[in-house]
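Chemist: Listed here are the chains, written in short residue letters.
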Amino acid sequence: MKRVLDRRLFLRTAASATATVITTGGAVVIAASNGAWAMTLSTFDATTARVLLVMTRRLYPHDMLGDVYYAEVVESLDMKAKAEPGLAKTIEEGVAALDRATGVPWLQLSPGGQVEVLKAIERSPFFQMVRGETVVGLYNNKLVWHHFGYQGSSAEFGGYLHRGFQDAGWTMEPDAEASPPPPA
Amino acid sequence: MARYELNDDSVVVVIGSGAGGGTLANELCQKGIKVVLLEAGKRLSPEEFVNDEWAAFVQTAWLDKRTTSGSWRVARDFPNLPAWICKTVGGSTVHWVGASLRFQEHEFKARTIYGAIEGTTLLDWPIGLSDLEPYYAKAEAKMGVTRTNGIPGLPGNNNFKVMYTGAKRLG
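In the order they appear, the protein sequences are chains A and B. As numbered in the working numbering, residues 18 to 201 make up the first sequence, in order. As numbered in the working numbering, residues -18 to 152 make up the second sequence, in order.
Wrong hints could be hidden among the right ones.
Unchecked claim - Selected chain A positions facing chain B (in silico; Cβ < 10 Å):
id, residue
1, 77
2, 78
3, 157
4, 159
5, 196
6, 199
As the list claims (entries may be wrong) - Distance windows between CB atoms, simulated:
id, chain 1, residue 1, chain 2, residue 2, range
7, A, 125, B, 37, 38 to 44 Å
8, B, 39, A, 128, 31 to 37 Å
9, A, 198, B, 91, 34 to 40 Å
Said to hold, decoys possible - Which bits of chain B does chain A cover? Going by a derived footprint, with three or more residues having C-beta under 8 Å, they are:
id, stretch
10, 10 to 21
11, 42 to 52
Treat the hints as calculated values from the structure; they're not laboratory data. The beta carbon of each residue, even a glycine, is placed where N, CA and C say it ideally should be.
Same shape as in the complex, but just chain B:
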């Protein structure tokens, strides 16, 4: 592992090795930029993964106590429950299967389309799909998102088959 002087201001420090941080660090390195990538979790090898939901949760999730507030149900019933995102090298891409959907145009305008919802601060996004499209395209290419760049889609599981059947029957 390379070492840099603490006062070397040409070094970029990236926090987190997941989808965002990992991709960014990789790009910077390919341009020859010095990068320090900080990751709180340890590296897990494929052999170490446990095929058991609860054991995998204990092994991989952020077990650090979370704090939450307000009146929502999670704050009441599970105020300290860890967030089920992965604390490991690769972050949550470790249990990502390659499917990432783009927002659709109407989803940038939730306030306009659905109207004000009492007790919320629902807003439209200040940008639209066209603003993000070039970045979507870049990220999909870098990360190998399914159904983009010639990558096939994933086979549908039972949940998908139920949804598919319902959608078809509704027309």
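Just chain A, same shape as in the assembly:
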């Protein structure tokens, strides 16, 4: 992905932008509506990119996450499909099956209708592959952690013990028998 902003600015603006899929000069591009980022795909056609962008969000919906994180999963799938023709075919057939399911193009269904169709195909290799790629690609993205309030690696900061291990301020404070003080 081509990022045009530094990390902090990215999290504040680009990370919440919605994405559109455009075809420009023969290339399929997923681009932020505000121009903050763009990803050029090598394998998928525009419809496949649009379907996967929405499908990944339907599988793991988070209102707080902008399209960029789902787009990164699609970008990663696109690169894998380039390397593995078999995978590209699975995806192509899977997208076609989504459209066939109700006779209405899947993207034109309501979000609830889209989920119904996904539930009906959840045993298929296509669904399982996209689910597997999304669960790793989405939740292993360090910028996504930031949105969920997870601070990530603590080893280099002296460890987790003093960096979020027991900082929940709203609970009762356990006594020393229940929760002994950390070793000095």
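Following the hints, complete the assembly by docking chain B onto the known chain A.
Modeler: Chain B only, in chain A's frame:
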């Protein structure tokens, strides 16, 4: 590393260097018994550990394909997912923090207490807590289990604090 003749039947071969195998091999060695300890994983030094869940999974877990069958969810959704136990010298004690709870008396009698559960083969254990207590005591002493043998308990994390609060409020 010592070498033994393949026909030396005084040698004990222990498979796996985790909590069970590692402890057993150590005890046998202390008694002067010849031991070969087999471990499928490599040795990891503290410097090599990665403080990142997925990277650590790739580094430390059994990535060999697992097989599973039946109708449970894991068999359907993750039939080949590696088991998250450690394939390394020390086995899963490598990510063990020292807490090991004993079974409680009623947990040996799950069938008696909870009754038959359809679709399961739930049984009572053929032994009770008193049968295991001496072995628990030995294992806790050998492995340095927290809250035994004068070893302090672990500080409670946020999960613990939530559970503690809920339990206290329920009385």
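Chemist: None of the hints should be skipped; say for each whether it holds.
Modeler: Status of the hints after comparison with the structure:
no.	hint	result
1	77	14 Å, violated
2	78	18 Å, violated
3	157	5 Å, holds
4	159	9 Å, holds
5	196	3 Å, holds
6	199	5 Å, holds
7	A:125 - B:37: 38 to 44 Å	43 Å, holds
8	B:39 - A:128: 31 to 37 Å	34 Å, holds
9	A:198 - B:91: 34 to 40 Å	36 Å, holds
10	10 to 21	violated (count 0)
11	42 to 52	violated (count 0)
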